[in-house]
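Student: Here's the letter readout for the chains.
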Amino acid sequence: MSELLIRGGRVIDPSRGTDGVADLYIKDGRIEAVGRNIALDPGVEVVDAAGKVVAPGLIDIHVHFREPGFEHAETIATGAMSAAAGGFTAVCAMPNTDPVTDSQATVGFVLRQSIRAGKARVYPIGAVSLGQKGEQLTEFGEMVQAGAVAVSDDGKPVATSHLMRTALEYARTFNIPVADHCEDMSLATGGVMHEGLIAARLGLKGIPSAAEEIMVARDIILAELTGGHVHLCHMSTRGSVELIRWAKSKGLKVTAEATPHHFTLTHERCLGYDTNAKMNPPLREAADREAIRQGLRDGTIDCIASDHAPHHYDTKEREFDDAPNGIVGLETALGLALRELVEPGLLSLPDLIARMSTVPARIFHLPGGTLAIGAPADVVVFDATRRWAVRRDDLHSKSTNSPFLGETLVGQADLTIVGGRVVFNRSDRPVS
Amino acid sequence: MSAPELGKDLVGLEYLSAEQILLILDTAEPFKEVSERPIKKVPALRGKTIVNLFFEASTRTRISFEFAEKRLSADTVNVATSGSSVSKGETLVDTARNLEAMRIDMVVIRHPASGAADFLGQRIRSNVINAGDGRHEHPTQGLLDLLTLRDRFGRIAGLKVAICGDVLHSRVARSNIWGLLKLGAEVAICGPATLIPREFAELGVRIFPRIEEAIEWADALNVLRLQLERMSSGFIPSLREYNRVFGVTRERLAKAGREVVILHPGPMNRGVEIDSDVADGPASVILSQVTNGVAIRMAVLYLLAGGAPEWRTAPADDR
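Note that the protein sequences, when read in sequence, are chains A and B.
Under this note's numbering, think of the first position of the first sequence as 1, with each following residue one higher.
Under this note's numbering, think of the first position of the second sequence as 1, with each following residue one higher.
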């Protein structure tokens, strides 16, 4: 297998607490050595990384790749390519496909398509309930055997307290988290944006923050009851951050993620009825955005996840009430995090890499998130200061539903390596 | 100072300046007279083609627009279709583009989705006039309410107007709130807390939990229609209780000890939000609203079609 030396970059590895200029030597798909003046085999390919950051590949534990069932919006291959272009070496695919990923066969399908694509690794997340109907538990054991790394009914909440309790208890056997989309549907149904002044002005039905917080509270209480691991998806409100802080102070097994759009945008982005500002949970208020940022800073929110949600152009090109929720996020996540969190000094670069790689790997028990000797060579090389404009034609995802089109972001992945193999190299493709 | 213009579309009063609103009100004045003539027609929009695109049932707004268009000599086509564009199978933007391909000049749109008029206006070159989009705005209704208040009081600034009832689901309420605030009125909303968006307080709108307090405070009440399905969806327990607690009745008005002018955008549920002796009483301007509706819509059509403000007989600074 090929060998590769990444020379002279700032090598940051939060898993070992290291940060300094060094060479990274990759051999036989693994990290062979990190340091200066490494003895090389003759003829090793050398990549110059001077002025750039070399880090464990980014890991996104919350994406929607739409295959099977909605291949017009995204496939596992196009999603995995989009991930690689965004600097991600591994992602976890949510099960709300058609059919739902709720059996060992459907879990196996996702893995096979991932291997066939050969870009970022795609780990399947199995459904909590058959068909995500909120009734009968799926076969966690068989799905884990087939390669599932977590269970979730994402897109919807785990329907009842009883089902959530059962799932948390049963998941303990397999040491996997139950990832929940927190939304009290009796409060949220029909809502299309955050309930507040903007919704009142636009005449759109709002989703109150309480819809999320009630479910966060339920899940925390059930984590205490069961001892299971609750992972709270895409946290969006200041009340949720407070609840998680309280849960963590009690030592409960509760982890949480937040998306780049929730730490960047507010509900005012919905003015003008732009359907690329329609997502679930909705964009909230400035105070919520600030709480999410502070939660990421102090670790109350463990990690950043994109909730990459591709939708075909036609489905977003309609009345706000009728448009689907969500935006693509894999290729803008790093640039937003650097612009919104690192540039203003909220997070150091090593802390950001922890929240986008090391920590998500740890909470979902994934390989990666480290540059330790002998670890699989999942590596990203990125420019942390380059300013670049988000252009529709430059995105690799099959869909381009992003509120950030035309914006200038800071920092961009240049080289993405999975298992020692270069899966994305920005200099390979002509800039359009 | 040059005269203000309206821009391409009329989507909502939130997006207009006080000067633009006054321009429309002043332009409506001479149009009132056209409807009083034996031959109710002026040639202002001769040769212009207008489509009335109604995705939601409407009688009075559609007829009012149609009269306004005909009295301005425009050629009009009515397209009425129930349900949203999505359930119909053709998207809103395709419907509009097909109409535009027939070289129309203006679209008057009524649609159940908030934002539909804005959406359309951003995608076609024709002028778009919002005749009610979801619970967002109904700007010509807001304008005719302003004109009716100005007729009655001679001014808008400083007036105290309470909007009563189902503000949450009301596009009429939103257009009234913006129009009144921009012209310097004091605005209050009143109704069951389940139907009152508290957020409007951030705009400087007063909130009265009891109808008695609103009546005591107000110079005029704009009484909204209570959609009867609000009961089945759990916002209010019963129509009977609604009338008992929030109904605008002669007894409640009598306690004010002075005249409180009554507006209602129609159609009325007599005996629910408003009693008949109030609706038909001396303080009611409900039928003047309907008459003014035609003049306001003529003014809007005329101005958007590029009509010059010189049509006005009274300059704006007389007010």
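Since the hints were made in silico from the structure, they are not lab data.
All of these numbers come straight from a predicted model, not from anything done at the bench.
Treat the hints loosely; a few may be bogus.
Said to hold, decoys possible - Derived coverage of chain B by chain A (criterion: at least 3 residues anywhere in the stretch with Cβ under 8 Å from a Cβ of chain A; other residues may be distant):
1. 34-44
2. 91-100
3. 114-124
4. 134-142
By construction, the Cβ of each residue, glycine as well, lies at the ideal position given by its N, Cα and C atoms.
Student: State for each hint whether it applies.
Tutor: Structure-based check of all given hints:
1. 34-44: Three-residue rule not met by the stretch 34-44 of chain B, so violated; n is 0.
2. 91-100: That given contact holds, which follows from 3 residues of the stretch 91-100 of chain B lying within Cβ reach (below 8 Å) of chain A.
3. 114-124: This one holds; 5 residues, not fewer than the three required, reach chain A with a Cβ under 8 Å.
4. 134-142: Since 4 is at least three, the answer is holds.
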